[in-house]
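Engineer: With the hints as constraints, model all of the structure from the sequences given.
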Amino acid sequence: MRFLVFLILLYPSLLIGQDFSQRWQGYFSYNNITDLDESENKVYAASENAYFIHDIATQTTETITSIQGLSGDPISKIYHSEAFGLTCVGYENGLLQIVMDNNQNVFTIVDIRDKVSISPENKRINDFFEFEGILYISTDFGIAQYNLENLEFEESFFIGNNGSQIQINQITIAEGKIYAATSVEGIKTADFNNPNLIDFQNWQTEYPGNWNGVLSFSNLVFGLRNNNTINRLENGVASLFESIGSNVTGFNVSGNQLVVTAANQVLAYNTDLNLEAFFN
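By my numbering, the letter at position 235 of the sequence shown is numbered 247, and the numbering carries on one by one without gaps.
Derived by calculation from the structure, the hints in this document are not laboratory data.
Any given hint could turn out to be false.
[Said to hold, decoys possible] Derived DEER-like restraints, expressed as beta-carbon distance ranges:
(1) Gly-188 x Arg-244: 13 to 23 angstroms
(2) Asn-286 x Ile-68: 38 to 48 angstroms
(3) Asn-222 x Met-112: 30 to 40 angstroms
(4) Ser-195 x Glu-246: 17 to 27 angstroms
(5) Asp-113 x Ile-210: 41 to 51 angstroms
(6) Glu-74 x Phe-291: 19 to 29 angstroms
(7) Asn-174 x Pro-86: 14 to 24 angstroms
(8) Asn-117 x Gly-248: 43 to 53 angstroms
(9) Asp-284 x Asn-115: 34 to 44 angstroms
(10) Ser-78 x Glu-161: 35 to 45 angstroms
(11) Gln-216 x Gly-81: 36 to 46 angstroms
(12) Phe-119 x Asp-211: 40 to 50 angstroms
Beta carbons: idealized from backbone N, C-alpha and C, even for Gly.
Structural biologist: Written as structure tokens, this is what we have:
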């Protein structure tokens with residue numbers, strides 16, 4: 013619930029509760045919140061080119077901008093790793109920045125942004141998924157693996173037809189299988205333990221259609237279609253779970269809730285899949 017309450021209250025708190033008049037931050041946009049994530053005690057909110065850390069206990073908000081080392085480019089995704097004590101910031105142009113919790117040192121990783129073989133239009137970072145110390149990065153060209161302990165890239169997967177680049181919107185891993193939601197080639201799956209995931213032939217389109225998201229929650233897997241319906245995925249069959257009446261902009265797990273953010277509403281389902289909270 014704290015996530016949802018903060019989501020509703022975020023805009024006025026940012027506009028009223030902060031005084032930036034004496035700080036070199038006047039050139040940054042704080043009004044348009046593009047993404048949210050939370051840890052046990054804090055909420056991370058990305059604006060267009062900066063992000064905020066809201067401490068739930070103290071009700072204070074800290075701002076991270078280019079003054080601290082952010083690039084100033086448009087942010088597309090933010091993720092906080094509790095296990096490694098760092099925040100991952102992804103950008104529209106494929107840039108990745110890592111901000112350490114203990115000292116706010118910023119590491120800038122240009123591997124995706126500067127990769128010549130990938131068109132500039134296909135480098136956007138769409139989502140982050142952490143599993144066993146590896147950050148799986150969903151991009152407009154495919155999947156990239158980033159080692160959070162060593163702070164270095166590992167493999168990249170081009171899993172479109174015939175190994176082509178394809179837009180990946182979200183990834184999840186459940187019961188030994190990795191799921192990748194694509195915009196045009198369905199939800200592709202592979203055996204997570206396969207040592208050769210880099211080979212596109214080891215991926216299959218298990219759920220056809222156009223999908224904007226996929227996640228695991230309450231020991232089940234759910235997919236978000238581009239028609240704003242949420243479907244339960246099991247053994248190659250997609251069964252309707254919920255139809256959202258407006259455009260879905262967020263599809264995430266927050267604590268013990270499945271949270272769906274739409275154009276004019278926020279819904280939260282508990283582990284029994286009952287609607288626990290609704291805001292509009």
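Engineer: Which numbered hints turn out to be false for this structure?
Structural biologist: Hints 2, 5, 7, 10 and 12 not satisfied by this model.
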